[in-house]
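Protein sequences, first through last, are from chains A and B. In terms of the numbering used here, the first sequence has 209 at position 209, counting the first letter as 1, and numbering is strictly consecutive. If you count the second sequence from 1, you need to add 1000 to reach the numbering used here.
No lab work stands behind these hints: they were computed from the structure. The structure displayed is predicted, hence computed values, not measured ones. Any given hint could be a false lead.
Distance condition first, Cα-Cα at most 20 Å in a straight line; then the derived SDA-like pairs of lysine to any residue [claimed, not checked]:
| hint | chain 1 | residue 1 | chain 2 | residue 2 |
| --- | --- | --- | --- | --- |
| 1 | B | Lys1086 | A | Ile153 |
| 2 | A | Lys147 | B | Ser1091 |
| 3 | A | Lys42 | B | Phe1145 |
Label-pair restraints from in silico Cβ distances [to be verified]:
| hint | chain 1 | residue 1 | chain 2 | residue 2 | range |
| --- | --- | --- | --- | --- | --- |
| 4 | B | Ile1057 | A | Lys8 | 49 to 59 Å |
| 5 | B | Arg1174 | A | Trp150 | 29 to 39 Å |
| 6 | B | Gly1169 | A | Glu160 | 21 to 31 Å |
| 7 | A | Lys189 | B | Glu1211 | 52 to 62 Å |
| 8 | B | Thr1026 | A | Arg15 | 34 to 44 Å |
Backbone N, C-alpha and C fix where the C-beta goes; we use that ideal spot for every residue, glycine too.
Residue-level listing of the chains:
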Amino acid sequence: MYGEVANKLVQHAKRTQSLAHLPPYQTEMVRAITREVRDLDKDVATILEPFAGSFDPSTEPATACALLVNHLCMRRNKRCLLAYHRVRSDKLEEMCWNGIDVLERQQQPQSKAGEGGGLGADGNSSSLSPEEEEYVRQYSDLLAAYKGQWTDIDLTGSLEPPKDLFIDVRVLKDAGEIQTEYGAITLTKNSQFYVRQGDVERLIAQGYLQRLS
Amino acid sequence: MDIDDILAEVDAQSIPQETKDLQELTRAWIAERVAPELLKWPSALMDRVLERIRQQIESVEEQTGNLDPKANFTLIIIQTELERFKFLIRSFLRARLSKIDAHAAHYAARATSTPSLLSSSETQYLRSHTALLSAHYAASFLGTFPASLRGLEDSTGGVRMVDGPDEDGAVFVRALRDVGSVGVEGTERRFEVRRGDVWVVRWSAVRGWVEMGDMEVI
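Just chain A, with the same shape it has in the complex (with noise of 0.2 Å):
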């Protein structure tokens, strides 16, 4: 009671925010939380029934202190649930800007588990609850839309400033064949290729080339 959940939620996501992937949604904390600010608004209701409407603090101010202790934490625990969805939701739309497909990865975690940033590296079958998911593939349709509007210019590129127009690449996954302005590109395993960066940001992205320094 009086808010020791919500408490450990906020741990949670504090401890959310300095790692790498997303760990599996507090369904049962926040189902408790919820609850506990049910039972808060209901004890509140109970004890101004007797008053009636007409309550006084002045005249009771034991009773005035009680209500005041039960609004105070019903807000806090809204509060905390909201600070923990807000950092969750923070990392999934991270996760878009980034071009991880966050939904593939939650339907086969195991094939991807352990690479760089990626979700269900604990092997769980889903981290996001059925909203977060719903969120998911709403943000990245306004993704979509937002940077449709600048065709010109890839919003999802790298925020390094470009120093060469081309450079060097290894192919670390097949890749298959690229079409470029120089002609098209086979991409096979272990070879290496000196390329124009803005024809392969995204597979480097992607993960299928690595950029040689």
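Position chain B relative to chain A; hints supplied.
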């Protein structure tokens, strides 16, 4: 008007628009990345720069088939320049978006009073994102809350839930013109700012001059 002003005017006229745009864009980009709050959307500048990028991309596409080594070399230079411009714009837009995301409710309220703050696509993004987030909260837990607690803005208890950017954060500014006396609100301090001076001050104290272009953040 002293000799510096006259010189500055002559300089400004001899610089071509393209160079000035690059300078303006770089300045806007730095300012957006440094300033603690969102700055006005430079719509005229962005229109010009985007138009030029489009032209350059077209000319690159036209000349790609050309095998003459000389043309090839200029092509590489143009492409490098293009990539740099794209980077500037990309970084600029992302900086703006991250600020919008961080204080969504605050900027949503401000955008209605100052429409030039956001571009139309940013306004759209902000609206849909806020709608998405509140739908997500509602579906996750707020929906089962008592009705009086469901709002996202709740100032009972004296603390507002809508958080704004820290407008008193310190920034480095360089004066581009003689500005005169600058005072910091809430303190006794005043100081003279002359052209070329560099100061570390609270953003709220110099915001007006930066927006007018008399100072630049660095």
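(request) Starting from the hint list further up, note which numbers the structure goes against and sort them upward. (result) none
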